[in-house]
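Enquirer: Spelled out, the chains give:
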Amino acid sequence: MFRKAIYSGNFAKTLINNSFSNVAVITNKEVIPTNSNVDKSKEINSDLELKEKLEFEIHIEDLNEIDTYLKPTFNFASYINKSPILQEFFKLGVDLYKFEKNQDVAKFILSLNYENDVHKFVEFFNDLNISHESLGKIITKNPYILKENIEDLVVRINYLKCKKFTPEMITRIVESNPFWLSYTTQQIDQMLGFFQKHFTLKGDEVRSLTVTCPKLITFKERTVKVNTFAIHEEMGFSTEEVKGMLLKKPKLFMRDQRNVLKTFEYLHNEMNISLDQIVDEPGVLTCRCNRLRERHKFLKKLERDQFDPKKPMYVSLTTLVSSPDADFATEVAKSSVQIYNEFLKSI
Amino acid sequence: MLVKEAPVIWNLLKGIVCVYKPAEITCENLRKALLAKICADLNNMECRSISERVVIEGNPLEKLTVNVVPNLADHPAVVGPRYLPDELPASWSNYLGWNTCGILLFGLREGTRTAKYLRENRPMRAYKLKGTLGKATDNGLASGKVVEKSTWKHVTKSHMEKLLSSIQSSHQKQMFQLCGVDLQSQTAYDLAVQGPIRPANSKVPLLYGIKCIEFTPPNFVIEVHCINENESYLTTFIHEIGTKLHSTAHCTALQCVRHSCFTLEDALLKKHFTLQNVLTNMEKCSIKLEENKDLLYQKSASLTSINTE
Numbered sequence: 030m031f032r033k034a035i036y037s038g039n040f041a042k043t044l045i046n047n048s049f050s051n052v053a054v055i056t057n058k059e060v061i062p063t064n065s066n067v068d069k070s071k072e073i074n075s076d077l078e079l080k081e082k083l084e085f086e087i088h089i090e091d092l093n094e095i096d097t098y099l100k101p102t103f104n105f106a107s108y109i110n111k112s113p114i115l116q117e118f119f120k121l122g123v124d125l126y127k128f129e130k131n132q133d134v135a136k137f138i139l140s141l142n143y144e145n146d147v148h149k150f151v152e153f154f155n156d157l158n159i160s161h162e163s164l165g166k167i168i169t170k171n172p173y174i175l176k177e178n179i180e181d182l183v184v185r186i187n188y189l190k191c192k193k194f195t196p197e198m199i200t201r202i203v204e205s206n207p208f209w210l211s212y213t214t215q216q217i218d219q220m221l222g223f224f225q226k227h228f229t230l231k232g233d234e235v236r237s238l239t240v241t242c243p244k245l246i247t248f249k250e251r252t253v254k255v256n257t258f259a260i261h262e263e264m265g266f267s268t269e270e271v272k273g274m275l276l277k278k279p280k281l282f283m284r285d286q287r288n289v290l291k292t293f294e295y296l297h298n299e300m301n302i303s304l305d306q307i308v309d310e311p312g313v314l315t316c317r318c319n320r321l322r323e324r325h326k327f328l329k330k331l332e333r334d335q336f337d338p339k340k341p342m343y344v345s346l347t348t349l350v351s352s353p354d355a356d357f358a359t360e361v362a363k364s365s366v367q368i369y370n371e372f373l374k375s376i
Numbered sequence: 054m055l056v057k058e059a060p061v062i063w064n065l066l067k068g069i070v071c072v073y074k075p076a077e078i079t080c081e082n083l084r085k086a087l088l089a090k091i092c093a094d095l096n097n098m099e100c101r102s103i104s105e106r107v108v109i110e111g112n113p114l115e116k117l118t119v120n121v122v123p124n125l126a127d128h129p130a131v132v133g134p135r136y137l138p139d140e141l142p143a144s145w146s147n148y149l150g151w152n153t154c155g156i157l158l159f160g161l162r163e164g165t166r167t168a169k170y171l172r173e174n175r176p177m178r179a180y181k182l183k184g185t186l187g188k189a190t191d192n193g194l195a196s197g198k199v200v201e202k203s204t205w206k207h208v209t210k211s212h213m214e215k216l217l218s219s220i221q222s223s224h225q226k227q228m229f230q231l232c233g234v235d236l237q238s239q240t241a242y243d244l245a246v247q248g249p250i251r252p253a254n255s256k257v258p259l260l261y262g263i264k265c266i267e268f269t270p271p272n273f274v275i276e277v278h279c280i281n282e283n284e285s286y287l288t289t290f291i292h293e294i295g296t297k298l299h300s301t302a303h304c305t306a307l308q309c310v311r312h313s314c315f316t317l318e319d320a321l322l323k324k325h326f327t328l329q330n331v332l333t334n335m336e337k338c339s340i341k342l343e344e345n346k347d348l349l350y351q352k353s354a355s356l357t358s359i360n361t362e
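Going line by line, the protein sequences match chains A and B. Everything in the first sequence is counted per the working numbering, starting at 30 for the first residue and increasing by one. Everything in the second sequence is counted per the working numbering, starting at 54 for the first residue and increasing by one.
Pulled out of the complex, with its shape left as it was, chain A reads as follows (with noise of 0.2 Å):
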């Protein structure tokens, strides 16, 4: 009752509980004087009376946890030391400061118990071949997959088996999408349905898209809608070369519409790209309008913006938007990085 009435909380308990070593320690000792005078039946109620003293007069307490109280603190550091929970998560690899910034998920953490709460976790993401490291971020990223019970998680990776997804494709998506496991079947049923009724996909293309990028999967609705509506309605794409640049680059879909939209007026308004090649090269439609502004004006200048392929001296849209600076101004542009960082300068 005494520890309890100063640790009240689990985590006070876990750390008592952990550490326990016993001394013995005696309290309010009284000299209990034996007087030979008193008659028998007060002799037996004394010797009870004292046998009960003694009793309750000796304690086996551990003295050496009891501390000043924990103080409400802004950080996980003042704790560390003192939990066993915190070090266990330590040894797993998670940013525990990374936890700091939201109470809840912070007073979450504390509240668990190693053996109880966390244990089945580590070994379930052991039998899915997810690695330590992997295992460390996806607890960093989402900490509540802790609070959710192992048996539906078990569910929900069978749900996965059963769409015919290989064991190697589920790693990949639970480890780059760690909030995947939180959604309920019945939600990543409704997910994965969505893209498939929304851009007509066939089974094994919606599998290819789940692997090569789980997050969209569990990305807004919405922002995948917009992003339709303007890659469809704005730009002017058919149906289905927005599928084929759905499945050749879906990070597309999770950018914001405008500077998509931006980056395409202009590809196709400055740059005069048909909208052929740009489905041939969605990955174009992803670069920064700025990035693509500067090295088009950097090609311009040197008589070097052909984006034809038929004809000579033709620079392919991807070298153009995906190689590093230095490559681009040696290979692409022909030139030098130093006369491209000067013109970078007067522009």
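It should be emphasised that the hints constitute simulated quantities derived from the structure, not laboratory data. Please read these numbers as outputs of a predicted model, since none were measured by experiment. Backbone N, C-alpha and C define an ideal beta-carbon position, used for all residues, glycine too.
Here are the simulated DSS-like cross-link-like pairs (lysine-lysine), alpha carbons at most 25 Å apart as the crow flies: (1) A:Lys363 <-> B:Lys324; (2) A:Lys374 <-> B:Lys90; (3) A:Lys363 <-> B:Lys323; (4) B:Lys215 <-> B:Lys202; (5) B:Lys198 <-> A:Lys291; (6) B:Lys202 <-> B:Lys183; (7) B:Lys324 <-> A:Lys374; (8) A:Lys374 <-> B:Lys183; (9) A:Lys111 <-> A:Lys166.
What follows is a set of in silico ranges between Cβ atoms, one per label pair, in the way DEER data are often shown: (10) A:Asp337 <-> B:Val199: 27 to 37 Å; (11) A:Thr214 <-> B:Val199: 53 to 63 Å; (12) A:Phe208 <-> B:Ile103: 30 to 40 Å.
Mind docking chain B on chain A? Use the hints.
Expert: Same frame as chain A, but now just chain B:
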């Protein structure tokens, strides 16, 4: 980099950095990018090692063991990275608007004080303003809505130069008015002999030299030397030039090409933000400031010549 310890580099990080701000990005965002890169680089170096703590374990009635164990509370995974952008003070000495590109000076740590002195001493800045005749927009920039169109064929370079020199002389006259002296007096003459004067007030924009350096109608480029300017002042200036030439004009680009003794050559591009480059740049800037001490501690109110080499 030869030095591997982060604390050593941290101690060196004080002074002025000269960076190149591209258009369509705010000074705030550029500052964030610079600090994030510096801190990331510092964290990748050899940071302070984890401290140790003494643990006394065992039964107090028997033998106790004393151990020295690493203090987990000091581990970067628990307390967070050693260097945070929020803990690195940085401030700019001249503000450039969203549409302006060019030289921007940042003061880091103790350099913030230098940045403050630089700002309060109001050094001269040179701008290249690109404009186009024939169209006027609602915000004076190319991004705005076109509100007026006009002919521009009648404008020649001599027209432009005549106008610019008259604007320049009116600004020079204004300088003496701000000083509170009559133009025809002896005191005005004594002041004029010393060279151009700075305004005492930080609110009045002043143009010292205006020159048309390129004229390919309808496009033109003007170089302006000024104090206390801001983006909107410069765009309205281009608009005014358009109306005074009996046409209309809007601004297509604003570039700060010189800030006191700092030129474009010294400026660091955003892609070159690394710890090594920042340190080299800082060293160059401190040498320049050492050569031009007047920039920080002025002796007289008149402008002095600056050594840009």
